[in-house]
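Trainee: Numbering (the numbering used here), first residue to last: 11 to 139.
Mixed in with the good hints, there may be bad ones.
As the list claims (entries may be wrong) - The calculated label-pair distances, taken between Cβ atoms and stated as ranges, are:
#1 Leu86 to Phe54: 45 to 55 Å
#2 Thr44 to Pro67: 53 to 63 Å
#3 Ala127 to Pro46: 47 to 57 Å
#4 Pro46 to Gln26: 20 to 30 Å
#5 Pro46 to Leu83: 45 to 55 Å
#6 Pro99 to Ser123: 29 to 39 Å
#7 Leu120 to Phe84: 51 to 61 Å
#8 Leu77 to Val41: 30 to 40 Å
#9 Met61 to Ala34: 51 to 61 Å
#10 Phe126 to Gly53: 44 to 54 Å
#11 Ile121 to Phe84: 23 to 33 Å
#12 Ser123 to Val92: 31 to 41 Å
#13 Glu16 to Arg65: 34 to 44 Å
#14 Asn110 to Ser64: 36 to 46 Å
If you are wondering where the hints come from, they were derived from the structure by calculation, not from laboratory data.
Since this is a predicted model, take the numbers as computed values, not measurements.
Ideal Cβ positions, reconstructed from N, Cα and C, are used throughout, including at glycine.
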Amino acid sequence: MKNEDELQNRIVSGAQASNADESAYELVFKVLATPPKSSLPEGFADRVTLMATSRKPGLLKSENFWLISGVSLFLLTGLIVVVVSGFKPSFGVLRFLQHNTGLFLFAGALILSGLFAERKLLRSTHPTV
Numbered sequence: 011m012k013n014e015d016e017l018q019n020r021i022v023s024g025a026q027a028s029n030a031d032e033s034a035y036e037l038v039f040k041v042l043a044t045p046p047k048s049s050l051p052e053g054f055a056d057r058v059t060l061m062a063t064s065r066k067p068g069l070l071k072s073e074n075f076w077l078i079s080g081v082s083l084f085l086l087t088g089l090i091v092v093v094v095s096g097f098k099p100s101f102g103v104l105r106f107l108q109h110n111t112g113l114f115l116f117a118g119a120l121i122l123s124g125l126f127a128e129r130k131l132l133r134s135t136h137p138t139v
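Work out the full structure: start from the sequences and follow the hints.
Mentor: Here you go:
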C-alpha cells in the first residue's frame, strides 16, 4: 500500500512515468481529472422525484390482473383434480393426532420458544425490530 501511495504522489507531482505501472496510474489519474462529457437534461432530478412520488402505493392494474388470474387458475385446477380423482374428505388425520398429542405439544413448544428467542436476539442486536 505504501508503494502505491508513493507512486500516486510522484505522478500527481508531475514526475514522468518510467514503467508500465506508473504509466497506468498516470492514465487513470488523467482520466479521473477530466470532467464527464455527458450531462443530464435540465430538471431530470425533478422529473424523477415527481414520478416516484406520484405513483400511489399498491398493485398496478397488470399486476392485479396476473394475481387474480393465477389464483383463479390455481383454484380451478384444484377443483378439477378433486372432481376427476374422486377425492372424499375424511377425518383420518384426527386419529393420528389423537395418538401423538405429546409430539404435537412438544413441536408447538419448540416453535414458540424458537420464536421467543429470535425476538429477544433481534431486539438486542437491532432495536428497531
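Trainee: Now tell me, hint by hint, if it's right for this structure.
Mentor: A quick look at each hint next to the structure:
{"no.": "1", "hint": "Leu86 to Phe54: 45 to 55 Å", "in the structure": "holds (47 Å)"}
{"no.": "2", "hint": "Thr44 to Pro67: 53 to 63 Å", "in the structure": "violated (43 Å)"}
{"no.": "3", "hint": "Ala127 to Pro46: 47 to 57 Å", "in the structure": "holds (52 Å)"}
{"no.": "4", "hint": "Pro46 to Gln26: 20 to 30 Å", "in the structure": "holds (27 Å)"}
{"no.": "5", "hint": "Pro46 to Leu83: 45 to 55 Å", "in the structure": "holds (50 Å)"}
{"no.": "6", "hint": "Pro99 to Ser123: 29 to 39 Å", "in the structure": "holds (34 Å)"}
{"no.": "7", "hint": "Leu120 to Phe84: 51 to 61 Å", "in the structure": "violated (32 Å)"}
{"no.": "8", "hint": "Leu77 to Val41: 30 to 40 Å", "in the structure": "violated (48 Å)"}
{"no.": "9", "hint": "Met61 to Ala34: 51 to 61 Å", "in the structure": "violated (41 Å)"}
{"no.": "10", "hint": "Phe126 to Gly53: 44 to 54 Å", "in the structure": "holds (53 Å)"}
{"no.": "11", "hint": "Ile121 to Phe84: 23 to 33 Å", "in the structure": "holds (27 Å)"}
{"no.": "12", "hint": "Ser123 to Val92: 31 to 41 Å", "in the structure": "holds (38 Å)"}
{"no.": "13", "hint": "Glu16 to Arg65: 34 to 44 Å", "in the structure": "violated (52 Å)"}
{"no.": "14", "hint": "Asn110 to Ser64: 36 to 46 Å", "in the structure": "violated (56 Å)"}
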